[in-house]
Amino acid sequence: MTREEEDILVAKIQNGNSTAFEELVIENQTKVYNLALRMVGNEQDAYDMSQEAFIKAYNSLALFRGESRFSVWLYRLTTNVCLDFLRSSGRRTHASLTFMSDEDDEKELEIPDERFSPETLVEKKELREAVNRGLMSLSKDYRAILLLREIDGLSYEEIAEALALEEGTVKSRIFRARKRLCSILTADGNFSFGLTSKKTKEV
Amino acid sequence: MTDCEKYLELMSAMLDGELSSEQEAELRTHIGKCEDCKRVYNAFKGISRALTDELATPPDTLVKGVMFKIKNQKKSERRFAFGRFTALAACLALVLFGASHFGLLDGTKLGSTKKSAAPEATEDQVLMEDSAPENSGVVAEERAGAADADNAEGSGQTMLTSGVPQTEIVDGTVLQYGFSVQNMLMTSEAGTEDNKEPYFLFEAKEILVYEGKYYPEEQDEDKNKLLFTLSTEEDLNALYEFVTALPDNTVEYTPEDGEILKEDPLYTLYIPADTEKDKNAKDKVICIWFVNGEMWCVTADAHSPNPAQNVSAEKILYKAEGVQDKFEALIKGMKEAKGIT
Chain B
179 MTREEEDILV AKIQNGNSTA FEELVIENQT KVYNLALRMV GNEQDAYDMS QEAFIKAYNS
239 LALFRGESRF SVWLYRLTTN VCLDFLRSSG RRTHASLTFM SDEDDEKELE IPDERFSPET
299 LVEKKELREA VNRGLMSLSK DYRAILLLRE IDGLSYEEIA EALALEEGTV KSRIFRARKR
359 LCSILTADGN FSFGLTSKKT KEV
Chain C
585 MTDCEKYLEL MSAMLDGELS SEQEAELRTH IGKCEDCKRV YNAFKGISRA LTDELATPPD
645 TLVKGVMFKI KNQKKSERRF AFGRFTALAA CLALVLFGAS HFGLLDGTKL GSTKKSAAPE
705 ATEDQVLMED SAPENSGVVA EERAGAADAD NAEGSGQTML TSGVPQTEIV DGTVLQYGFS
765 VQNMLMTSEA GTEDNKEPYF LFEAKEILVY EGKYYPEEQD EDKNKLLFTL STEEDLNALY
825 EFVTALPDNT VEYTPEDGEI LKEDPLYTLY IPADTEKDKN AKDKVICIWF VNGEMWCVTA
885 DAHSPNPAQN VSAEKILYKA EGVQDKFEAL IKGMKEAKGI T
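In the order they appear, the protein sequences are chains B and C. Taken in order, the first sequence gives residues 179 to 381; the numbers are from the numbering used here. Taken in order, the second sequence gives residues 585 to 925; the numbers are from the numbering used here.
There could be a bad hint or two in this list.
Straight line, CA to CA, 20 Å or less: simulated SDA-like cross-link-like pairs of lysine to any residue [claimed, not checked]: (1) K617(C) / R633(C); (2) K653(C) / D226(B); (3) K303(B) / D637(C); (4) K234(B) / K655(C); (5) K302(B) / R633(C); (6) K302(B) / T636(C); (7) K302(B) / K653(C).
Which chain B residues stay away from chain C? Per the calculated CB distances, all over 10 Å, these [as the list claims (entries may be wrong)]: (8) S266; (9) M314; (10) S333.
Label-pair distances were calculated between CB atoms; the ranges are [stated by the list, open to error]: (11) K916(C) / N258(B): 45 to 55 Å; (12) S333(B) / E610(C): 38 to 48 Å; (13) Q607(C) / M179(B): 41 to 51 Å.
Treat the hints as calculated values from the structure; they're not laboratory data. The structure displayed is predicted, hence computed values, not measured ones. The beta-carbon is built from N, C-alpha and C at its ideal position, and this holds for glycine as well.
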């Protein structure tokens, strides 16, 4: 859907045509759902969060000014819904306490050794599962920012706008999230990602 | 290795397509030469692929569930989706609930031949233009045939039409978007800053439907012809469905219209105030006329002597074509349901 098509639908809905909203739901449901799924870590909650995000979007469409794309606004809303959920339900993912502090970012980045090669080394499915596990170990803010980039395909500029951050901050946080994930994957004993052997100096 | 430190963050950015072509070229050259960096880059890429390779399919029920919940939300939640925001709705609601009652200045006239704008008018216009972007997708065309010729320019340029005029053709009828009935009937923040009028139609606990005019001072049933009362959720929802399905079209108001409205309305909807909620709330009426198939509505305080009296542009709530049949059908259906002949 182009931005123009989106804008037209939004206008229709704001003028009272609520069924046009269904098109926007259909268009965005995969990205919203996957964002929620990777944020909260289980399907049931992801489902609830997705619905809540869409309903909130509908109810506050009156306040949507159209400065950014509707979908970007929607993903931001989804992120907030998930962050609120994670905060209030007091959820802790299994390793989040370990990985909460920013100082951890400065730890060594373990360089994958020669044996590493995504295609040949591990079944893609195992890798996916490991990455998703690792994702839940990231602090929720880092998780959100990486997901907005990867799942929802937002640019640094769009993320900066959505989260009210500087672009430079977005860039470095995404980098740190990836770095952190690499470390987590290395520590994850359940698969042979091959990132273990060489250690580097301070990165 | 120190060289590589600076490259690491750039590689992350390159993966996201955020580097300039020169930066990218430089970086790719480096990666080609440096094994360590190549491995990190591949690790980042692997993570990215793992995240995006197989996106989960949301359950079928997600979309249906959302639409169902939206439809069945409490009325008070639903209204916010529609009309609360536009300055136009606010200013029209302002005039609706009694210009003098709220000390509204003369500036916010609709369909007025006066061109001078009062301070509020200017501000509201600015607000309206600001909210126009969402509507920019709808093509604005010639309003030929939809309005009187002499309203097309000049005196037709009012608060109402000074926003983005848009037309759409639905079922062969040219509809003009100036404002929507939903905006009118669902606005919740009418009134001036210190004198907000609570929106009423969708929060009514009960709506009495009278045939003809409503005489507030008459206790005698003969004079006020009550057709039926809508008090159940089901009844009220039927009416709300009708209202929310009303087309967003309007025909330009002309001064001659006031003459027609001096006749008795065909129906009057009486909405008692909810004084529990707000002790200053007033009983309201919505008077409905049908003129050449167009439905005209005016809202006023129930106890004003004649709601249609001194009707001017400010007080026209809504004018829409092709609605009479539907409305009559609605009334008929309700009568039948209640066993009234």
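Agreement of K653(C) and D226(B) with the hint, judged by alpha carbon distance not exceeding 20 Å: holds (12 Å)
Is it the case that M314(B) keeps its Cβ farther than 10 Å from each residue Cβ in chain C? Check passes; 13 Å lies beyond 10 Å.
Between the alpha carbons of K234(B) and K655(C), is the straight-line distance 20 Å or under? holds (13 Å)
Examine each Cβ of chain C, and state whether all of them lie more than 10 Å from the Cβ of S333(B). violated (7 Å)
Say whether it holds or is violated: S266(B) keeps its Cβ farther than 10 Å from all Cβ of chain C. holds (21 Å)
Straight-line Cα separation of K303(B) and D637(C) no greater than 20 Å? holds (10 Å)
Starting from the range 41 to 51 Å, see whether the pair Q607(C) and M179(B) falls in it by beta-carbon distance. violated (31 Å)
Agreement of K617(C) and R633(C) with the hint, judged by alpha carbon distance not exceeding 20 Å: Not satisfied, since the Cα-Cα distance of roughly 24 Å exceeds 20 Å.
Restraint status (C-alpha distance of K302(B) to K653(C) at most 20 Å): Given pair K302(B), K653(C) is violated - Cα atoms ~38 Å apart, limit 20 Å.
20 Å Cα cutoff - pair K302(B), R633(C): Status holds; Cα separation ~9 Å.
For the hint 38 to 48 Å, verify it against the beta carbon of S333(B) and that of E610(C). Since S333(B) and E610(C) have Cβ atoms about 21 Å apart, the given range 38 to 48 Å is violated.
Hint check: K302(B) vs T636(C), CA-CA at most 20 Å. Holds or violated? With a Cα-Cα distance of about 12 Å, the restraint between K302(B) and T636(C) holds, given a limit of 20 Å.
Hint check: violations occur at hints 1, 7, 10, 12 and 13; the rest are consistent with the structure.
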